[in-house]
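**Student:** Protein chains in written order, with this note's numbering: chain A, 1 to 112; chain B, 1 to 113.
By construction, these hints were calculated from the structure, which means they are not laboratory data.
Just to be clear, a hint being listed does not mean it is correct.
Taking beta-carbon pairs under 8 Å as the criterion, some of the chain B residues facing chain A (in silico) [stated by the list, open to error]: (1) N18; (2) L43; (3) G105; (4) D106.
All figures in this text were calculated on a predicted structure; none of them were measured in a lab.
For glycine and all other residues, C-beta sits at the position ideal for the given N, C-alpha and C.
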Amino acid sequence: LAKTTQPISMDSYEGQEVNITCSHNNIATNDYITWYQQFPSQGPRFIIQGYKTKVTNEVASLFIPADRKSSTLSLPRVSLSDTAVYYCLVGDPSSGTYKYIFGTGTRLKVLA
Amino acid sequence: DGGITQSPKYLFRKEGQNVTLSCEQNLNHDAMYWYRQDPGQGLRLIYYSQIVNDFQKGDIAEGYSVSREKKESFPLTVTSAQKNPTAFYLCASSRLDSYQPQHFGDGTRLSIL
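Can you make the complete structure from the sequences, with help from the hints?
**Tutor:** Okay, here's the thing in C-alpha cells:
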C-alpha cells in the first residue's frame, strides 16, 4: 500500500510563510497529489491539487519535484485562522485509482 | 447548492445496537467513501463505492456495513460487532477521474451511551 509521511506538528507566527512536506514513495503514474485542511469537528476542505512541477491558487502553492516522491504545500503569510490540520492525499496504486490514503496529517499552529 | 449532507450530526448508541449514518450527495458523483476519525488522529477508510450496487472494503471495514442502492446515497451501518464505535465519521464523494478531489460532508459524531 502507498504510504505518506508528514511532520506531526508545526508552529509558525502570523505573517510567515509555512511549508509542509509530504513523502509518498509509491505514488501511481496517473495519480494526483491533493492537500486538505481540516478544522475541529468539520470535514476536510480541499486546498490545492497538482500532478507535477508547481501549482498556485489564491490560498496556496504546491511544489512537486520531477520524481513525484514528495510534495510541499506552501502557505504564504499565514494568519491565526490557518491553525488547522493539513492532510496530503495521494491515490493508492495497489488498489486501483479510486482508493485514496490520507497522510498522517500535520497540525499547524499559528501564533500571534 | 451542491454538496454532501451527513445526518445526524450527533448520534448516540447503546451497546449491542446497530445504528445507520446517512450520507447524501447532489453532486452527481459516481464514487462515495466513508472514513473514520478518532480524536487527534487521521482519517481511515472504511468502505468506498465506485458505482451503484457495488462497494469495496477499506482498511477498517470490520464491524461496518454499507449499501449503494442509489447514486446519491451511501449509508453506513455501525453494527454491534464494532467494539469501539465511538468516533467521528466522515462521508466523501468524487468523480471517477483520478485527478478529481474528494468532497467531504461535515461528519457525524457517534458516541456510546
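**Student:** Double-check N18(B) for me: the hint is only fine if its C-beta lies closer than 8 Å to a C-beta in chain A.
**Tutor:** Where the cut-off is 8 Å and the nearest Cβ of chain A is about 24 Å from N18(B), the hint is violated.
**Student:** Please verify that hint: L43(B), Cβ, nearest Cβ of chain A, below 8 Å or not.
**Tutor:** At 5 Å from the nearest chain A Cβ, L43(B) passes the 8 Å test, so the hint holds.
**Student:** Can G105(B) be said to touch chain A, with a Cβ gap under 8 Å?
**Tutor:** holds (5 Å)
**Student:** For the restraint on D106(B), tell me whether the closest CB of chain A is nearer than 8 Å.
**Tutor:** Holds - the Cβ of D106(B) comes within 8 Å of chain A, reaching about 5 Å at its closest.
Comparing the model with each earlier hint shows a violation of hint 1 alone; every other hint is respected.
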